[in-house]
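Participant: Each chain is listed here by its residues.
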Amino acid sequence: MTKKFLASLLFTALLAGCASGVKLDDVPVEDKSATSSGATTQGIDSNTSGAQTGVAGVTVDKSASGIGPAGVAHVVYFDYDSFVVRAEARPVIESHARFLQANKQRKANLEGHTDERGGREYNLALGQKRAEAVRQALSLSGVSESQLEAVSYGKEKPAAQGTSEADLAKNRRVEIRY
Amino acid sequence: MYDHGFRDFNDHHTPMKLDFLRIGLLPWLLKWLVLSVVVSPAWAQFRVEVTGVGMTQVPVVMAPFKGEAAAPQKLASIVQADLERSGQFKGLAAGTAVMDEMSRPDWSTWRQLSAEALLAGSVTRLADGRFDVRARLWDVVKGQDKGDFRDTVSAAELRLSAHRIADWVYLQLTGTPGAFASRISYVTKAGGRYSLWIADSDGEGAQSALSSPEPIISPSWSPSGTHLAYVSFELRKPVVYVHELATGQRRPVANFKGSNSAPAWSADGKSLAATLSRDGGSQLFRIDLGGGEPRRLTTSGGINTEPAFSPDGSTLFFVSDRGGSPQIYRMPAQGGPAERVTFSGTYNISPAVSPDGRWLAYVSRVGGGFRVHVIELASGQVTALTDTSADERPSFAPNSRMLVYATLFQGRESLMTTTLDGRIKARLAGQGGDIREPHWGPLRK
Numbered sequence: 001m002t003k004k005f006l007a008s009l010l011f012t013a014l015l016a017g018c019a020s021g022v023k024l025d026d027v028p029v030e031d032k033s034a035t036s037s038g039a040t041t042q043g044i045d046s047n048t049s050g051a052q053t054g055v056a057g058v059t060v061d062k063s064a065s066g067i068g069p070a071g072v073a074h075v076v077y078f079d080y081d082s083f084v085v086r087a088e089a090r091p092v093i094e095s096h097a098r099f100l101q102a103n104k105q106r107k108a109n110l111e112g113h114t115d116e117r118g119g120r121e122y123n124l125a126l127g128q129k130r131a132e133a134v135r136q137a138l139s140l141s142g143v144s145e146s147q148l149e150a151v152s153y154g155k156e157k158p159a160a161q162g163t164s165e166a167d168l169a170k171n172r173r174v175e176i177r178y
Numbered sequence: 179m180y181d182h183g184f185r186d187f188n189d190h191h192t193p194m195k196l197d198f199l200r201i202g203l204l205p206w207l208l209k210w211l212v213l214s215v216v217v218s219p220a221w222a223q224f225r226v227e228v229t230g231v232g233m234t235q236v237p238v239v240m241a242p243f244k245g246e247a248a249a250p251q252k253l254a255s256i257v258q259a260d261l262e263r264s265g266q267f268k269g270l271a272a273g274t275a276v277m278d279e280m281s282r283p284d285w286s287t288w289r290q291l292s293a294e295a296l297l298a299g300s301v302t303r304l305a306d307g308r309f310d311v312r313a314r315l316w317d318v319v320k321g322q323d324k325g326d327f328r329d330t331v332s333a334a335e336l337r338l339s340a341h342r343i344a345d346w347v348y349l350q351l352t353g354t355p356g357a358f359a360s361r362i363s364y365v366t367k368a369g370g371r372y373s374l375w376i377a378d379s380d381g382e383g384a385q386s387a388l389s390s391p392e393p394i395i396s397p398s399w400s401p402s403g404t405h406l407a408y409v410s411f412e413l414r415k416p417v418v419y420v421h422e423l424a425t426g427q428r429r430p431v432a433n434f435k436g437s438n439s440a441p442a443w444s445a446d447g448k449s450l451a452a453t454l455s456r457d458g459g460s461q462l463f464r465i466d467l468g469g470g471e472p473r474r475l476t477t478s479g480g481i482n483t484e485p486a487f488s489p490d491g492s493t494l495f496f497v498s499d500r501g502g503s504p505q506i507y508r509m510p511a512q513g514g515p516a517e518r519v520t521f522s523g524t525y526n527i528s529p530a531v532s533p534d535g536r537w538l539a540y541v542s543r544v545g546g547g548f549r550v551h552v553i554e555l556a557s558g559q560v561t562a563l564t565d566t567s568a569d570e571r572p573s574f575a576p577n578s579r580m581l582v583y584a585t586l587f588q589g590r591e592s593l594m595t596t597t598l599d600g601r602i603k604a605r606l607a608g609q610g611g612d613i614r615e616p617h618w619g620p621l622r623k
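Chains as they are written, first to last, in my numbering: chain H, 1 to 178; chain B, 179 to 623.
These aren't lab readings, by the way, just hints derived from the structure by calculation. Honestly, I wouldn't trust all of these hints.
Unchecked claim - In silico lysine-lysine, PhoX-like type, Cα no more than 20 Å apart, as pairs: (1) 170(H) - 62(H); (2) 435(B) - 107(H); (3) 104(H) - 435(B).
Based on the sequences and whatever the hints tell you, model everything.
Facilitator: Next comes the structure, spelled out in structure tokens:
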């Protein structure tokens, strides 16, 4: 059941317009199809473990990110249930706008995030709204739309793990990544 | 009881016993019978946690299968756990009785236990390494044979065979097809890695289909059960993939600028509905898997997401905040005027339509909690199925009689099944770490 899958093609596509010089090696894909699955099957020959037949495992490796403007915050926070870029975030937005205008070959990913309350897909859509608010602010500051991509992680990547209001506030954010 | 079992075996198997004698297998046979008495009560493997009490549960005796002590799977306990999870049956201990499908039941023994049905069977390793699985079901009240079951499977398929027996018993005793011989997919997060798993409908026998350092969400079974669509963040953004389980071959089918998410298969398996933000906002599109430009289905501003097809493919249910709060709407599958479906509450998401088209399950915020509800589409009547506070992503069993959903159980993300009246819930077995994003697949062929 050996299965070769060239994830590297995808990364090449991602980097096609990025001249930041970040070097990514080919991404190896590990075949885990023969791996036994859990405590209930330990010590039993994999052929008789009762694990699913006809499922070939695939492993994906980590992607790298580039470097943006030095000494500038890359996170913009939002109020609960809000998609409005706060006034206090204005200097951060302006710094990134200047960097992107001075480096027209660079691209920024605007990654929207939410707190943990509610469904994953609906939070993905809410995080998208936040990312698009930052995209619009950068665009209004003169950055070309072709340098910007607004995406969302929804609630999948909280910055703080706790459930206090302070933790939740840290998670309602847009990260500006290069 | 050992003596009783052996005598019973003799009474009905004289020709077979002679066959065994002729080929010199009697010592092996004796050892095998002793083993099945000593080892058979192996129920500890299963984690069915029934948290409610049903009104009418048919008491059924499921005797350990003859030969299962020497087989890789304990079939009777798998069948019993399946039937109990359905909420419609109560397993009764068989004691130390040794039975198989050829036995003549001692009716008085089982009637004393108030059993209404009795299942017994055998599992025998064949010369080619496969297993011959046989079972018989009796109506204890009437003292009648209700039919027999036979299956020949590989060792790896013994659990599947047990689920097929459970489906067969379910059909015999309820008149409705069972759905135990189906699979669920789910995602685990453990040690900083995300894995997509395929498991039996009871959560056991899991096999990893994908492992990634970045989140995986929204796995969705193709109608054929051969492929999954899901959202992976491995490219540092949400991209929709279609993944062939048998080969591990996967390809991005929606990797447009912005976010790509919430895949749902059309009934013919030839296209997906999904949420794309490439035009700004979150809008529903139809994506032909044969290629071609995605076709936009919604035009309202704001959020349109979580598409779910009706079983006949004519209607698309989805979530929209067009009215100011997230609610479930429906529209023609090709796009068109939308009609609101949920009216109570200010946060209703994650619609799932039952395969028989009768029910819509969804998550509703009640107070501060997110709970699975079902609405009977014809009457509009809503039933809350849980009293937990962080339920997510319900989906229906292929026979429309049960749901699987994610929730928090003792602080861990866990998967639960529930009957449609909410009375019987069971926590599914699974891998370590947080378990989430379940989706119940079609019946296996």
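Participant: If a hint holds in the structure, say so; if it does not, say that too.
Facilitator: The hints, checked one at a time:
Between the alpha carbons of residue 170(H) and residue 62(H) the distance comes to roughly 24 Å, so the proposed pair goes past 20 Å and is violated. Annotation: proposed proximity of residue 435(B) to residue 107(H) holds, straight-line Cα distance about 13 Å (limit 20 Å). With a CA separation close to 18 Å, the supplied pair residue 104(H) and residue 435(B) stays within the 20 Å bound.
Violated hint for the displayed structure: number 1, the only one.
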